[in-house]
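Asks: Next come the chains, spelled out residue by residue.
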Amino acid sequence: DQQVKQNSPSLSVQEGRISILNCDYTNSMFDYFLWYKKYPAEGPTFLISISSIKDKNEDGRFTVFLNKSAKHLSLHIVPSQPGDSAVYFCAASATGGFKTIFGAGTRLFVKA
Amino acid sequence: DTGVSQDPRHKITKRGQNVTFRCDPISEHNRLYWYRQTLGQGPEFLTYFQNEAQLEKSRLLSDRFSAERPKGSFSTLEIQRTEQGDSAMYLCASSFWGPEETQYFGPGTRLLVL
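So the sequences go chain by chain: W and L. All the letters of the first sequence, read from the start, carry residue numbers 224 to 335 under the working numbering. All the letters of the second sequence, read from the start, carry residue numbers 739 to 852 under the working numbering.
By construction, these hints were calculated from the structure, which means they are not laboratory data. Be a bit skeptical, because a hint or two may be false.
For lysine to aspartate or glutamate, the following DMTMM-like pairs were computed, each having C-alpha atoms within a straight-line distance of at most 25 Å [claimed, not checked]: (1) W:294 x L:762; (2) W:277 x L:806; (3) W:294 x W:247.
Have a look at the derived ranges for each label pair, beta carbon to beta carbon [unchecked claim]: (4) W:235 x L:765: 39 to 47 Å; (5) L:777 x W:226: 18 to 26 Å; (6) L:776 x W:250: 16 to 24 Å; (7) L:776 x W:322: 12 to 20 Å; (8) W:306 x L:818: 23 to 31 Å; (9) L:802 x W:275: 15 to 23 Å.
Beta carbons are placed, not taken as given, at the ideal position from N, Cα and C, and that holds for glycine.
Take the sequences, apply the hints, and build the full model.
Replies: Here you go:
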């Protein structure tokens, strides 16, 4: 039972353009959502998060959008840089719970 | 603070041997998590501690797996009688429990069972 789904295993984008990574969830109890970035042979690094009371959170080149009615969130990276090439994991949790559920990840390739 | 650290970073062992991994969390964090990650998948929850108490274990954690967090500081994950299916990246994360809890991960221990 995959509660957090990232349906695109990979994405290729030209340097300078926008990268859009998508994530869907099924559990309506989730109220906190996170994006992590992972380079090979390293642990995931926290990137940005959003609470369910918001629909947008921005941090520099990274913006996360949340559509609660569609149970969908997306991460926008503008402009994309070659150093952004990594695997991006979407994750979700519920207040009062203990589990953070991760998606399977999307591998982003940013071409110079 | 230098973040979450894990030791060793890599471990190669033969089937049937026991292995132990260590995780040192961010010092002020009271929660510590263990995850397993295999190729093409996201981190899968194994177990977690709040301070020194182990509060939940996944059904993925067979009887061959045991975790401890003495004194609520570092944690160890032991796998007894390793099997080839145990080969994976073992990740540790820590957090400060509260609303909008964010987990911070260590670099992981990559285990290869031959």
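Asks: If a hint holds in the structure, say so; if it does not, say that too.
Replies: The hints, checked one at a time:
1. W:294 x L:762: With Cα atoms ~35 Å apart, residue 294 of chain W and residue 762 of chain L exceed 25 Å; violated.
2. W:277 x L:806: Violated. Residue 277 of chain W to residue 806 of chain L sits at ~38 Å, over the 25 Å cutoff.
3. W:294 x W:247: holds, 6 Å
4. W:235 x L:765: 39 to 47 Å: holds, 40 Å
5. L:777 x W:226: 18 to 26 Å: holds, 21 Å
6. L:776 x W:250: 16 to 24 Å: holds, 23 Å
7. L:776 x W:322: 12 to 20 Å: holds, 18 Å
8. W:306 x L:818: 23 to 31 Å: violated, 41 Å
9. L:802 x W:275: 15 to 23 Å: Check failed, 38 Å falls outside 15 to 23 Å.
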